[in-house]
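Visitor: Sequence:
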Amino acid sequence: MIAQFVQLNLIFVFITCLLFIFRKPINRSLGIHVVYGLWFSLPCFVISFALAPWMFGSVVTLDIELIQVISTYSALEFTSGKSFTDFDLLIYLWTAGFALMQTFFVFHLRQLNQLRSKAKKEPSSTTLSVLSHKDISSPVLAGLLSPSILVPPDFKQLSIEAQQSILAHEQTHHHRNDLLANFFAWILLSLLWCNPLAWLAYKRFRQDQELACDADVTARYDTKQKQHYSQMLIHYSQHHASHLFTTPYGNKTTIKERIMQLKNHQQKGKSTILTLAVIIVMSTIGVFTNLPVIAGNDNKDPSPIVRVNPQYPQEAARMRQTGFVVIEFNISSTDGSVNSAHVIESSPEGVFDQAGLDAVKKWKYHPSNGSNTSTKVQLDFSIAPEDKTLERIKVESGKQH
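Numbering (the working numbering), first residue to last: 4 to 404.
All clues stand as given, with none of them false.
Subject to a maximum C-alpha distance of 27 Å in a straight line, what follows is the list of computed DSS-like cross-link-like pairs (lysine-lysine):
hint, residue 1, residue 2
1, 259, 206
2, 229, 206
3, 364, 379
4, 229, 259
5, 159, 259
6, 379, 365
7, 266, 206
8, 159, 121
9, 229, 159
10, 266, 227
11, 27, 229
12, 367, 379
13, 124, 137
14, 266, 229
15, 159, 124
16, 159, 123
17, 266, 27
18, 159, 227
19, 27, 259
20, 123, 137
Simulated from the structure, these hints should not be mistaken for laboratory data.
Using the sequences provided together with the hints, build the complete structure.
Guide: Okay, structure coming up:
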């Protein structure tokens, strides 16, 4: 599991670096819509990589492993202590980070809901509600299920052109489903929170989202209307506030980039076919990148974490009986536990069966990568030979006269 997670992060870094390197040339030649669309290749790659084992996973059958059980040994439990501890520690750290980000997500939603509940509704001809609140410093679109436009108290003091530009911008975000895109981007960031480049990619994705929205809003604007739009951006850049799933106007650096695009922007085709082609390619790469890992399971024995030796049946030990049991079982792909254990062969029949099953059901393996593993094990029960180096002295109780 950890190996696949590391592999996923390395390929994620490679694809993200390509996007950072080529985003400016693509923007100049094909337009910001293509750049923004290419960011969706990242979640498509991650999803296809993760689903590959379930789509193409197979049950792996391994040769029979031989284990000797000697009567002088009691039930022992041995573990690969260090690897098990390290594995658990990494899982706990990742889970803690993921949980922390979701806690922040819930806190942010509650904060926004409180603002919306206390905000004053402004008269507007838009399909979305317009709400004003003193704690809002710049216009934002907020609310995944029932979105509304939050504006600062001075919104009505702006010119009619500025108000129309703001409302048009936020409604465009709504029509483009940008809030939903931000939500899934946050989920992806939560999964890869330990990767620093994921944070940079998330930030750049949000910035390109704003640039693409600007391009849609101003597509039919003349020069004067674009000037009003630029003035509105400059005005609210002085009151920048960051929000998770809202659509903020950005800091001064982002505003400068947006204004420069308005000055130099020439409307280009959205090249939907090209964007879809890249997304399909990334999804295919995600699937085939993980296929060797699945195939590799056919050549690797499952690695045990915990194995309990069977108790030698007392009656068999007393009678100095020896024999074997062949047990077949499945290893869970999620937690590595043993299930569906059953005896397929034993000799003498019925003597060592239950002892073998009781022990095997307590075994635990490293989880496989999404594919259930079927394996067999043969437990050989034998009597330990006598130690010839020991001198044996018989002590008898004498009769007292």
